[in-house]
Amino acid sequence: MKTLIRRAWDALFLSKAPYAEMREESNPPLRGLSIVIIVAVAVALVGLVGTALEWATTPKLSDIQRIVLEGIQKMEGFRELEENPEFRERFLRWYETGWRVFPHLFGAPNIVRAALRIVLLPLSLTFTWLLYGLVAHLFARLLGGTGTLGQMLGCTALGVAPQLLNLATFLPYVAIGGVVGTWTLLCRYVALKTCHRLTWGRALAATLLPYAALAVVVSSFACLGSAATALIFGGGTSQ
Amino acid sequence: MKELLQLARSVLLFKHEAYVQHVARADVLKRGLTLLVLATLVAGTISFIVNVVEDLRPRNLETQRRETEESLRESLESLEPMRQYLDLPPGFERELLKYARPNIEIGFRIAALPTPLPKPVGSVLQDLGAFLSSPFSRMAKWLGYGIWVLLVAKLLGGRATVSQALGATALYAVPHALDILSPVPCLGGVIGLVTTIWGIAIYVKALAVANGFSVGRAVASVVVPALVIGALALTGLLGILILALMSAGG
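Each protein sequence line maps, in turn, to chains A and B.
Read in the working numbering, the first sequence has 142 at position 104, and its numbers run on one by one without any break.
Read in the working numbering, the second sequence has 54 at position 51, and its numbers run on one by one without any break.
The set of hints was computed from the structure by calculation and includes no laboratory data.
Among the hints, erroneous ones may be present.
Derived CB-CB ranges, DEER-like [unchecked claim]: (1) A/72 to B/66: 54 to 62 Å; (2) A/260 to B/218: 42 to 50 Å; (3) A/144 to B/232: 25 to 33 Å; (4) A/260 to B/61: 51 to 59 Å.
Virtual Cβ for every residue (Gly too), placed ideally from N, Cα, C.
With the hints as constraints, model all of the structure from the sequences given.
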């Protein structure tokens, strides 16, 4: 376990050595899976501590909701609007719905959700790793790569290393931002270049093509979805 | 640590040998990032201490409320010279204050709500969180722009690996340690300008050394992504303008 953590840590600094070591492992996919799971569980556990601390230093959401509502109701223009019972009822309904949705979207601390991440984060990172590894391997082979799928999965598992930055969320209110995404891209580039022994241009293409393929698939589904919706609703209104 | 400080000093003085030795090391990115993180944390130290002291100082709620209203009134008064250009209706300030007061009240009532841990703990944790987030914010900007610089440098024949290029360019953050003086009135602005120019010069020098090419090519690698982004933004804006004009015409 110590070796795997050290390897993930070294992979974070984008040197070729940890990726080359992974390529030469006897069972790279299993090693890769272990790294993904260890990193994901560690990040989720640390995140739970950070979320618990944030929750313990934040007032109850229901109290904030009540105070904001009382404040709005005291506002001059609102009092006139509130005389209309229909407006009052509709406003309260939207207000309740808004408070159920928005605080969670904007990162209000939720301990249950943070605890669930201990299971969900390893699952989602494993799924992403397998999907990316498989698609990137296909492109790398098309571009003249020499690595096997097993070696590729082992190397791209090290792309999870930037998640280690999230360990800083042990302290609440620490914002990591978009650095993890960009760093993951760089780790994947080094993984592909090392595993398949590609030139920098081909490695870059093989790194980015899975993202492009994903974008094409998502936009195709979006187009199909909107076409189907237009067909259903368009057909419905014309009759 | 002593070695890192020595490297930082040589980097600030543009000592060519220091750059070459730094790039040749296996842990180039680790060292570059350590300096980036340290410089950013040093820069934020005074603000962090001031914020913590301010948050831990016992303050009367009524005084705070008065202070907030006064600062709002002052900012409205600062609009006075602009009045002729802004075309503000008569009594605008009074109306704005009337609407702002309930919102200020909401803010104070929320701030007074109890929390499971004592309030000062939360305040210090928030200050600490903001302080520790600053290196990540700098890293995001450096990396976000850096990957485009890396691409252009490669296209111009650069020989640096990803870790060498990033480890070298991370050194640009070293002069930003002087941003610790940015809260000083008058001096802060000048310091900010000096550290920015100094940082850009280090970035160009480090990129040239890492890639083994001329400073001219390094400048081109740094400038081209900005030009492309600018051109794309301009094209987007022009597109929006043309669409707006067409729809207005239609």
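These are the hints, each one checked on the structure:
no., hint, result
1, A/72 to B/66: 54 to 62 Å, "58 Å, holds"
2, A/260 to B/218: 42 to 50 Å, "47 Å, holds"
3, A/144 to B/232: 25 to 33 Å, "28 Å, holds"
4, A/260 to B/61: 51 to 59 Å, "56 Å, holds"
In this structure, every one of the numbered hints holds.
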